[in-house]
Amino acid sequence: MTAPAAFPHPPYRYCVYGTTISSEIPLALPEQGEGRLARVELRVAPASHFADAIRNVPFERPVEDWNHRASLPDGSSYLRWDGIGEFLTSADGCHIWCRQFEDAPFESFQVYMLGQALAVVLVKRGFEPLHATAAVVDGRAIVFLGHSGFGKSSLAACFLAAGHRLLTDDLLILHESAGRILAYPGPPRIKLFPKVAGELLGHIASGVPMNPGARKLILPVHARRNQAHPVALGAMYSLAAPYDARRPQSVRIESLSPREAFLEFVAHTFNDRIVNMRRLERQFTMAARLASVATVKKLSYPRVLDRLPDVRAAVLSDLDRIDLPVAACAGPIVAWS
Amino acid sequence: MPVSFSLSQRISIAPDVLHRQVGDEAVLLNLKTELYFGLDQVGARMWDVLNEAFSIQAAYETLLQEYDVPPGQLREDLDELLEGLVALGLVQLGEIGQGPSVDQPTE
Chain A
1 MTAPAAFPHP PYRYCVYGTT ISSEIPLALP EQGEGRLARV ELRVAPASHF
51 ADAIRNVPFE RPVEDWNHRA SLPDGSSYLR WDGIGEFLTS ADGCHIWCRQ
101 FEDAPFESFQ VYMLGQALAV VLVKRGFEPL HATAAVVDGR AIVFLGHSGF
151 GKSSLAACFL AAGHRLLTDD LLILHESAGR ILAYPGPPRI KLFPKVAGEL
201 LGHIASGVPM NPGARKLILP VHARRNQAHP VALGAMYSLA APYDARRPQS
251 VRIESLSPRE AFLEFVAHTF NDRIVNMRRL ERQFTMAARL ASVATVKKLS
301 YPRVLDRLPD VRAAVLSDLD RIDLPVAACA GPIVAWS
Chain B
1 MPVSFSLSQR ISIAPDVLHR QVGDEAVLLN LKTELYFGLD QVGARMWDVL
51 NEAFSIQAAY ETLLQEYDVP PGQLREDLDE LLEGLVALGL VQLGEIGQGP
101 SVDQPTE
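Top to bottom, those sequences are chains A and B. Just so we're aligned, residue 1 is where the first sequence starts under this note's numbering, counting upward by one. Just so we're aligned, residue 1 is where the second sequence starts under this note's numbering, counting upward by one.
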């Protein structure tokens, strides 16, 4: 698939999720060194390019009625969010073509591009992104696994409020290299409800709604509060469902067996709509490897904003009891990417 | 009441089934059905022994030596596990010296 190219070589270069993005358009990312895991080219394409690509191609059954997806015969993927923009990702995961819709805020467009569209590309490139948010404590990634609405970002914001850095919000790339599992930084922004942002971070003025129907805001994270380089994986906490009828009135942290941890990893793979035998095998390998070497716990707590500092304190206290480093594993290197 | 399997049979892991030891436990994935399974510590050990043994009889004898369990109880537990593994397409049963007798791969 080809598209008109304004520049033979995209002039902007960024690094996010360990991936170098060569872009035709400037992005709200710090310009930094090479991402060593992958290289992706981002180009802008006109409406006709997308219309031609999806002509006579059936759309997948939508999960949200404003999100449209299609798999094209050549293996590329089409993604569209009404009111935001549309994207085409190449079959080899090396290219993204994008178009921002009129009136869509660039921040919103970029969130979907660097989240959902890039996740499709990363999966095509053989990575297994996790649905997780991570903060940095004592130089290690403390990961919160959770589905949408489970409170990952709010809990991470509470860590930010206490001076810890944000590693990534919503999408986490882990990669095993030289016997260590490294966690890679995402874009320097966090998505929060206005009340959470106001109470924990003290500012919402710079926030832009994620999409026309959303209350959540996209908030930039200042460089001094953002982790720019990969860090070793510390502990991982899977957040219990907020609507769980058995939810506790106090903070509870329970260890998970490797088998239970395995299921948490499988349940929190990002972009789980892409299912094929090769990916299932890869997910299985990744989850089994992580379950064997990582410390994974279940974290339950009441979803009350002013209790979040208690949750943070419980996690920090739990970290003191964990025999880190968990990321330094003696086994053979198993790259699942 | 679980089905009673012939001790002279042997099992083999079905094609399209992945399995990994995680800690003392095990996880399995049937790529055909796209379903994941977990085995606790005892189940994982039974899985290992069953897959390594020459026959179900040999596996039974190994497990009887390892665990402090009445023979009848072990037989019942083994049958229950085997029934589940076969029903879920995770293993195939065959006679000793023969290939698997059920769900043979077509290619």
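Since the hints were made in silico from the structure, they are not lab data. Please read these numbers as outputs of a predicted model, since none were measured by experiment. Where is the CB? At the ideal position from N, CA and C, for every residue including glycine. Heads up, a few of these hints could be off.
Unchecked claim - Covered by chain A, per the in silico footprint, the following chain B stretches (three or more residues, Cβ under 8 Å):
#1 61-67
#2 73-84
Stated by the list, open to error - Residues from chain A shown here face chain B by an in silico Cβ test under 7 Å; the list is partial:
#3 L182
#4 A267
#5 M277
#6 F284
In terms of beta carbon proximity below 8 Å, does the segment 73-84 of chain B have 3 or more residues touching chain A?
violated (count 0)
The hint names F284 of chain A as touching chain B; please verify it with the least Cβ-Cβ distance against 7 Å.
holds (5 Å)
Closer than 8 Å Cβ to Cβ for three or more residues is the test here. Does the segment 61-67 of chain B pass it with chain A?
violated (count 0)
May I ask you to test the interface hint for A267 of chain A with respect to chain B, counting a Cβ-Cβ separation under 7 Å as satisfied?
violated (9 Å)
Against chain B, is L182 of chain A within 7 Å by beta-carbon distance?
L182 of chain A check fails; min Cβ-Cβ to chain B is 21 Å, beyond 7 Å.
Quick check on M277 of chain A please, does its C-beta sit within 7 Å of some C-beta on chain B?
Cβ of M277 of chain A sits 5 Å from chain B, so the hint holds.
In terms of the numbered hints stated before, the structure departs from hints 1, 2, 3 and 4, listed from lowest to highest.
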